[in-house]
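Given chain A, put chain B in place with the hints provided.
There are 2 protein chains.
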Amino acid sequence: MSSASGREKICIIGSGNWGSAIATVVGRNAGRLDFCQDEVNMWVFDEKIDTEEGEIMLSELINTRHENAKYLPGIKIPKNVIAYPELKRACEGATLLIFVLPHQFLPKLLPTLREHADSNCRGVSLIKGLDFDSTTRKPILVSKSIEQSMGDGFRCGALMVSLRLHVQHRHSRLSAASSPQGANVANEVAEQHMCESTLACDFEDRELNDRTLAIFNEPPNFRVSRINDVAGAEVCGAIKNIVALGAGFVDGLNLGGNTKAALMRVGLLEMKQFCTTFFTGVEPSTFLESCGLADLITTCYGGRNRRCAELFARKQKESHTVDCGQLWMEIERKMLNGQKLQGTLAAEEVYLSLKSRQLLDVFPLMTTIYEIAFQGSPIDEITKGIRVADISSSSLISKV
Amino acid sequence: MSSASGREKICIIGSGNWGSAIATVVGRNAGRLDFCQDEVNMWVFDEKIDTEEGEIMLSELINTRHENAKYLPGIKIPKNVIAYPELKRACEGATLLIFVLPHQFLPKLLPTLREHADSNCRGVSLIKGLDFDSTTRKPILVSKSIEQSMGDGFRCGALMVSLRLHVQHRHSRLSAASSPQGANVANEVAEQHMCESTLACDFEDRELNDRTLAIFNEPPNFRVSRINDVAGAEVCGAIKNIVALGAGFVDGLNLGGNTKAALMRVGLLEMKQFCTTFFTGVEPSTFLESCGLADLITTCYGGRNRRCAELFARKQKESHTVDCGQLWMEIERKMLNGQKLQGTLAAEEVYLSLKSRQLLDVFPLMTTIYEIAFQGSPIDEITKGIRVADISSSSLISKV
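Listed in order, the protein sequences are those of chains A and B.
So for the first sequence, our numbering puts the first residue at 1; every next one is plus one.
So for the second sequence, our numbering puts the first residue at 1; every next one is plus one.
One chain only, chain A, in its complex shape (with noise of 0.2 angstroms):
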């Protein structure tokens, strides 16, 4: 499973804030590993950039200056990062492709890098987000789609890295709006601060587990474990914001640290019950690595989903209104620059995906959660959510 040369080539698809981070990580990493080319290609979505010397395309930006000024000012990239606008040309004979761009584009670009991968190629994504079928209502990894995609025994795994906790960290004190997300993330990763990440990939051979996770692995500030379990780690990614919407309904109520923490035991439960209830092969161990647990903690104790939720839980109780959508809007406009939150859509799907199989009895806190949030159920209901949850966590641990 190499190229020709027999060494590893490396494609990262995307070049935004996160694919230029991830290769400052993986380009220094490439350049020292043997069993790595040393060119790491990068797929970039072209666009002008308008510089002190005039309009310049951004690959040829990258390719010059290495550093992409858009997107990651102030960081370097490595030189042997290659920026290619062309994507078959990137992904030509590519054994590994990093999938790091919004997911909307991915259809368009599956089918060039099929027919121009390796044949032995296998994928690594980075993009959040579970989607769920429109009909079935069954949730989708995305690492699954795209392995679907691909087709020919295309495998892909996930690497999730914990973003809440270092915006949380270094930016706590601007708003949202002066300090994008993503962008603060990956500058923290680019620069170096600790940080760290799980790898969830299986790729049925341990040598290539050990490529792969070496491939991103750099401690000590890079800090990255590998586990099996894809769907255990990439549903942890997405559905800990609900929890942290009820963490942010409980301090809304100043209910203090000893219902903040049962909720989030609570919560890590249900999560665990939801993974091992629409796929195969989650472990249970997968929920004390970095990102199950670690992310959660962090979630709901710093972000955004967190944040936003405290105010809901506040201007319910002030004024309750059954309008529960137009108060996500005017909270969004006011505290996201009217970015959409992550943790109220994936409520209301994980909702919908529960409602449609009849299990919202055995996810009582996801369900009052979504009933506080969607159907003016009053905020003090999360306790109800909390204790129900609790008489069966018994038997929520025991089936995992």
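Keep in mind that the hints were calculated from the coordinates and are not lab data.
Built from N, CA and C at the ideal position, the CB exists for glycine as well.
Wrong hints could be hidden among the right ones.
Residues of chain B clear of chain A, computed beta-carbon distances all greater than 12 angstroms [what the hints assert, rightly or not]:
id	residue
1	Glu53
2	Cys300
3	Ile386
Here are the simulated DMTMM-like pairs of lysine to aspartate or glutamate, each with C-alpha atoms no more than 20 angstroms apart in a straight line [claimed, not checked]:
id	chain 1	residue 1	chain 2	residue 2
4	A	Lys384	B	Glu218
5	B	Lys384	A	Glu218
6	A	Lys340	A	Asp380
7	A	Lys340	A	Asp131
8	B	Lys48	B	Glu67
9	B	Lys88	B	Asp131
Then chain B, alone, in the frame of chain A:
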């Protein structure tokens, strides 16, 4: 396994603040459960109490006014809880002994209990802490000490009530001195505020386990889940305080939510690793119970160990001293009115235990916390402890 009447005879050994609080719950439950004798006995270490109407013995006060005016003032103890100053009478024919008294009183009492309790009697301990054999330095469970002293196949479980969180929640603005921790927590239980607990017992008889749970569980406010794993639950309660010291160091350095979440995650893994190293029958799921994860979260965000360790870190940053013992004493004097911290005691015991088995390498976080707390290591080393431990996290996870 019942007394002459065929019903459970419950005896609470202890009548302090916690003993009186649990008596309110157990008394109410025994009064309504068919399989229990109505009367619950409570052994009282008797003493004279000054009242408006002159001196009165504590046991008499409880039996006439149904209140422990000294240790749990203002809370009604159910009338079916009968105080006995004489241990022999209190425990006569008991089928369930509830141990809720300072650890050091046990040796004097156990021979009498052994002689007079029912031959099929079992026990549940509410005593927090962990002993260490002075020669082998092996940790010893309080419940196991009780079992050994009682002999004849006596089985003892443990009820782990999340102490710290309730104090934090209601009394966060009071100083430790004016708000003795146990008192407030016990009051919360007695006043029927929401409180989560874990009952760990394995009486090898499903009915007996269910009965024991029913005797303690009083939903929705005093909510108890039962697990089999006594060792895991008892050890969590004792060594989570060490992790809380680490959390305080992180807070004192202003390292933010990122590093703190990573520390808590590694801490939970080392707690698990410690349990499996020294005890058999430890279940991974224990660490996701209230006694594990929820208690750890609240201890690391709320408790006195975290708070004192934060101050320790700030003082060490101001002017570094190698005389750590002296600094801890000053902090205990200032913050706890001279009471001893549990985290530092536990850190020392655990360190010596691990060192004698050459296991320090396998517990980098516990080791680093000890070295900072007692050997003058710079506070900044805490991130080294998290990082090193993180490398081995997958092996830590996979071992259990």
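Results of checking the hints against the structure:
1. Glu53: holds, 39 angstroms
2. Cys300: Contrary to the label, B:Cys300 does not stay out of reach of chain A, its closest Cβ about 9 angstroms off (not over 12 angstroms).
3. Ile386: Given a closest Cβ separation of 9 angstroms, the condition is violated.
4. A:Lys384 - B:Glu218: Holds, because 15 angstroms separates the two Cα atoms, which is no more than 20 angstroms.
5. B:Lys384 - A:Glu218: holds, 15 angstroms
6. A:Lys340 - A:Asp380: violated, 25 angstroms
7. A:Lys340 - A:Asp131: holds, 16 angstroms
8. B:Lys48 - B:Glu67: With Cα atoms ~14 angstroms apart, B:Lys48 and B:Glu67 stay inside 20 angstroms; holds.
9. B:Lys88 - B:Asp131: violated, 27 angstroms
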